[in-house]
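Protein chains in written order, with my numbering: chain L, 1 to 308; chain G, 1 to 308.
In case anyone wonders, no lab produced these hints; they're calculated from the structure. One or more hints might be untrue.
The list cannot tell twin chains apart, which means a pair is met if one copy fits it or any two copies do.
Here are the simulated BS3-like cross-link-like pairs (lysine-lysine), alpha carbons at most 30 Å apart as the crow flies [stated by the list, open to error]:
no.	residue 1	residue 2
1	K141	K43
2	K222	K298
3	K79	K147
4	K240	K142
5	K74	K147
6	K298	K147
7	K78	K147
8	K147	K43
9	K156	K43
10	K156	K112
11	K142	K241
12	K112	K60
13	K78	K298
14	K79	K142
15	K141	K240
16	K58	K112
Protein chains: 2
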Amino acid sequence: MEVHSSTAGAAAPPLSPGDFRELFDSVDAFLFDCDGVIWKGDKLIDGVSQTLDFLRSKGKKLVFVTNNSTKSRKEFAKKFGSLGISVSEDEIFSSSFAAAMYLKVNDFPLDKKVYVIGGEGIIDELQLAGYTGLGGPEDGKKTAEWKSNCLFEHDKSVGAVVVGLDPFINYYKLQYGTLCIRENPGCLFIATNQDAVGHMTDLQEWPGAGCMVAAICGSTQKEPIVVGKPSTFMMEFLLKKFQIDCPRMCMVGDRLDSDILFGQNAGCKTLLVLSGVTTLSALQDPANDIQPDYYTNKVSDFLDLLGA
Amino acid sequence: MEVHSSTAGAAAPPLSPGDFRELFDSVDAFLFDCDGVIWKGDKLIDGVSQTLDFLRSKGKKLVFVTNNSTKSRKEFAKKFGSLGISVSEDEIFSSSFAAAMYLKVNDFPLDKKVYVIGGEGIIDELQLAGYTGLGGPEDGKKTAEWKSNCLFEHDKSVGAVVVGLDPFINYYKLQYGTLCIRENPGCLFIATNQDAVGHMTDLQEWPGAGCMVAAICGSTQKEPIVVGKPSTFMMEFLLKKFQIDCPRMCMVGDRLDSDILFGQNAGCKTLLVLSGVTTLSALQDPANDIQPDYYTNKVSDFLDLLGA
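Looking at chain L on its own, in the form it has when it is part of the complex (with noise of 0.2 Å):
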């Protein structure tokens, strides 16, 4: 997929009426990022729900491209629901499932385990696509303790290691996921993405997956195959759902290095809002070299540029 830099160089002008315009006609699909975009923790952003209802009306489809990995499709289409908005799994395409279908595409064996550092959401995936997952949740309350004599035993038919953003994250799991791809050859290293930060909660930042995958990193001197965004490694998966070009779909999210990448990487068009991580002086500082083709402030100012 070619590299869309039409933008390059140039500060991203805001949104008006008549870009959007030309945007909404020029685009099938709309492809949103979720955490800052739709929702802020569990709190859904102002005037969402009356913006997706709009843009389904006029016959763009919707999906929702998410680097949260602690839930699997069904439990996001669960949550969707809860705040309200009905949206279907097959509509879901979340940086648990990318890490499930990466496995699947490479024909990982079936009978290698996968040791996850992460939320249930990947371990629900994994098994969907027939694998077994160890660690993630089950983890959570282990301890390592430094003994003499004592050897700290790991799984030796882990084939892949797969991590993800883990608010349990413990010595425990750093040392099995380590010892998993030390020792076992050929291990895979697989991270569901490298957000340094994610609005988990409404009124704050808190570490995201790049904090879990930086300690792997530190501690095995090794680089990860990333899944999520901005690697366009779901895409395919999208495309061969829906069958639009990605030039007639607009990404929309709050991150320049994954959401906005991503849609440059795939060749589409993207839209940054700053209802989330990035604020306005953030896009405009001259050591960002990630410029979308516009920015606006939510998602639900769609209604007002349209008159709508």
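Start from chain L and add chain G according to the hints.
Same frame as chain L, now just chain G:
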């Protein structure tokens, strides 16, 4: 300090009796790393005690330079004592001490606090230097929950975060340290060291401080100030204490990227021992570009080499 690179490019030779006689006569002090050189976990490596006695009897100064920050110098002296070796606090230069000294020589204000991700050793050394350490073991059992309308509070008077090896690492500490570095203006990010793994127990290696430091790099997108090896920061204190020229010191360690590089950066002679994390094949791997002056199996080889 000049970079000592006389052996760069050439593979290090094993230490012969002739080499060791020459080395022995040309140095006044032996600088030893501890983990993997003196002990593994709580087990003394065979013959270490007799070797240190012998070196002292021949008038050599012994200095212990360790990246292990879990203990203060006082606690390290106790550990030596419990293993039957008499070492004074003055002979120990630990990265916990280095972290406190870094703040001191940089006039870190006494009314600012220091948040610690790491062990009691860092807290103790900070206190000895007149500083108030927060976190450390005290935060080992704290949990951080994602709740709506709930702010994770942090102390705005924290002016430095010190990160070292922490077997009780958790999401609470990661969020606390991340918030201080991201939100407290001018907050320093100090790493005791960046060792990937270490022989925390006799039978195997475990994630080292490099794991926790990388996690904070991942969430803050900042690089730390490193005070332990291979940084030569500690060397200034060592020189003040012992008044021996660097070329008349020999650094003995088991790690290429911390011990040997530290010795070379400081202009010392260097000897790798294979009793810790580095294998002979790792030393001789063409991809390895750090070559000590010599290597040998273990410290007690000194006795055989001199026919003592």
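Results of checking the hints against the structure:
no.	hint	in the structure
1	K141 with K43	both (28 Å within a copy, 28 Å between copies)
2	K222 with K298	between (38 Å within a copy, 28 Å between copies)
3	K79 with K147	between (43 Å within a copy, 15 Å between copies)
4	K240 with K142	neither (41 Å within a copy, 45 Å between copies)
5	K74 with K147	between (42 Å within a copy, 22 Å between copies)
6	K298 with K147	between (53 Å within a copy, 23 Å between copies)
7	K78 with K147	between (44 Å within a copy, 19 Å between copies)
8	K147 with K43	between (45 Å within a copy, 10 Å between copies)
9	K156 with K43	between (42 Å within a copy, 27 Å between copies)
10	K156 with K112	within (9 Å within a copy, 48 Å between copies)
11	K142 with K241	neither (40 Å within a copy, 44 Å between copies)
12	K112 with K60	neither (41 Å within a copy, 55 Å between copies)
13	K78 with K298	within (23 Å within a copy, 60 Å between copies)
14	K79 with K142	both (29 Å within a copy, 28 Å between copies)
15	K141 with K240	neither (40 Å within a copy, 46 Å between copies)
16	K58 with K112	neither (46 Å within a copy, 57 Å between copies)
When held up to the earlier numbered hints, the structure conflicts with 4, 11, 12, 15 and 16 and fits the remainder.
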